[in-house]
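Asker: Each chain is listed here by its residues.
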Amino acid sequence: DSGVTQTPKHLITATGQRVTLRCSPRSGDLSVYWYQQSLDQGLQFLIQYYNGEERAKGNILERFSAQQFPDLHSELNLSSLELGDSALYFCASSVIPLGNTIYFGEGSWLTVV
Amino acid sequence: QKEVEQDPGPLSVPEGAIVSLNCTYSNSAFQYFMWYRQYSRKGPELLMYTYSSGNKEDGRFTAQVDKSSKYISLFIRDSQPSDSATYLCAMSPIIQGAQKLVFGQGTRLTINP
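Same order as they appear, the protein sequences are chains A and B. Residue 1342 is where the first sequence starts when you use the working numbering, and the numbers rise one by one after that. Residue 580 is where the second sequence starts when you use the working numbering, and the numbers rise one by one after that.
Simulated from the structure, these hints should not be mistaken for laboratory data. Possibly wrong hints are sitting among the right ones.
[What the hints assert, rightly or not] Coverage of chain B stretches by chain A, computed from C-beta distances (three or more under 8 Å per stretch; other residues unrestricted): (1) 619–633; (2) 676–688.
[Said to hold, decoys possible] Simulated restraints on C-beta separations: (3) A:Glu1423 to B:Ile597: 39 to 47 Å; (4) B:Leu590 to A:Ser1379: 20 to 28 Å; (5) A:Thr1348 to B:Pro672: 27 to 35 Å; (6) A:Glu1423 to B:Pro692: 37 to 45 Å; (7) B:Gly595 to A:Phe1410: 48 to 56 Å; (8) B:Ile597 to A:Glu1394: 42 to 50 Å; (9) A:Phe1410 to B:Ser599: 41 to 49 Å; (10) B:Glu594 to A:Ser1406: 44 to 52 Å; (11) A:Ser1379 to B:Thr689: 36 to 44 Å; (12) A:Val1454 to B:Ala608: 34 to 42 Å.
Beta carbons: idealized from backbone N, C-alpha and C, even for Gly.
Build out the structure end to end from the sequences listed, making use of the hints.
Answerer: Structure (structure tokens):
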């Protein structure tokens, strides 16, 4: 158990809908990362927050947004969902923004039908 | 061309064998190099982390980085059935105040008893 908690573990929703994935980082970690893992694209970096501030952005779609709250938990919002958004979404955390010891959660498995 | 190339395998070896996993990369800005292990439908687990070139050993695992050749390796000695998993290489440049890991596709490894 990495200490990073993600909910929900599984989610099935229809195209065009909106979902929110939630992440609680490890105790003491200030930086949160979101990654998407699909069969064809592999594990892709989406976005990083540090202590509430956005620090880096990857190939995150405009339909996706994220934030980190004052209690350090983070949410990833996915809207206008398409079939191609079906993937495993991972949250990870580290103590500092340059932390090379990045711990991943168990992921949220999203299926869009 | 992908920034990080990793042979997806699958790779199947007998118990006790030495396993060699490799990645090549094209971005000379990469300075941090990691190996993650991922069991099916679980989050990636950090195995080894190396900064810049050189070797690092941890128990049965040895990580090597050759920046001149843009090539990294992970060796597993005395492989065990419990080592069966997908192994992902990951790397990152130095970015002020941020961390964007770029992952390989992962190599699926099976250790046969």
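Asker: Compare the structure with the hints numbered earlier in the document and write down the numbers of the violated ones, lowest to highest.
Answerer: Hint 11 contradicted; others consistent.
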